[in-house]
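Model the placement of chain B on the given structure of chain A, informed by the hints.
Quick note, the sequences are listed as chains A and B, same order. Taking the numbering used here, the leading residue of the first sequence gets 137, the next gets one more, and so forth. Taking the numbering used here, the leading residue of the second sequence gets 945, the next gets one more, and so forth.
A few of these clues could be false.
[Unchecked claim] Straight-line distance between alpha carbons at most 25 Å, and here's what the computed SDA-like set of lysine to any residue pairs gives:
#, chain 1, residue 1, chain 2, residue 2
1, B, Lys1099, A, Arg151
2, B, Lys1099, B, Thr1082
3, B, Lys1099, B, Arg1047
4, B, Lys1099, A, Asp228
5, B, Lys1099, A, Glu146
6, B, Lys1099, A, Met140
7, B, Lys1099, A, Gly195
8, B, Lys1099, B, Val1069
9, B, Lys1099, B, Arg1010
What the hints contain is simulated information worked out from the structure, not anything from laboratory work. The model shown is predicted, which means the values in this text are computed figures rather than measured ones.
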Amino acid sequence: MEPMDDAQLEDLLRRVRPAGPPPGLRARIAERRRPLRAWPWVAAAATLLVITTVLQVSGERARASFRPQRDAAAVADGVDGEALRDALGLDDVEIRAEVLRRELSAIREAREMERHPR
Amino acid sequence: MPPEQREQEAGRLYDAFGASLYRYALMVLASREAAEDVIQQVFVALLERRTGAIGDEERYLRRAVRNACYSMRRHRKIRGSPVEPMILEDAAAGSPAVSDEDRLALGAAIGRLPADQREVIHLHVFEGRTFRDVAEITGEPPNTIASRYRYALEKLRAALTDGA
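Excised from the complex, chain A in its bound form (with noise of 0.2 Å):
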């Protein structure tokens, strides 16, 4: 370009402007604000939601640490049919007897548990 004077720069300055906003702005502003009313309601859910899984996981680990250790299945699996057969004399059905009054001895106790945890 041809060397200008402080004029001639100003003047050719004056024949231009910064290029406008695009035709669409004026619309995103509108539905932008559409959005930000839906906000409130959408956090809303996803906090009480949050609550929810962490109270029902927080429920589910404290009833497990209140639960015995023994079960009734652990109960039926840990005996010994053939030593209570030696060493008390018991035949079959005196031996199912015994693994059921163990069985419901065990229920009886986790319920207790469950009632009045320690």
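This is chain B only, laid out in the frame that chain A set:
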């Protein structure tokens, strides 16, 4: 003010001042994307505004846009990002058209100016404000504004003459 009325009011203000404020933001930020973000931010805030009527609408919006521009420059570190050449268009239908080549060269030269010099060029030349008005908008003394304008012209002249 009910939401529908606020939307109408914001629409009216956008139609009256939106384009001018966008050009101003573009000159300060030298980034079309950032200028759009600023205008969007200011007008969305206007839609959310729950207090009463604005006194001097143009002054209020100008200050809001200026604050948003300088805040964006601070937070997004636009200063460090590559500058965009200013996209220029013909000012008015009546004035002699500037060639594409000159417009591109001028736009590139303006884009390389510091933001505060671009701001003064915009307010004084493109908006036709006096140095006193510019000083009031920017909060600087009028002499500082005049010096800034002179420096800007020198840089532009050097850039355009050297083809830098």
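*Enumerated hints in conflict with the structure, sorted upward*: 4 and 7
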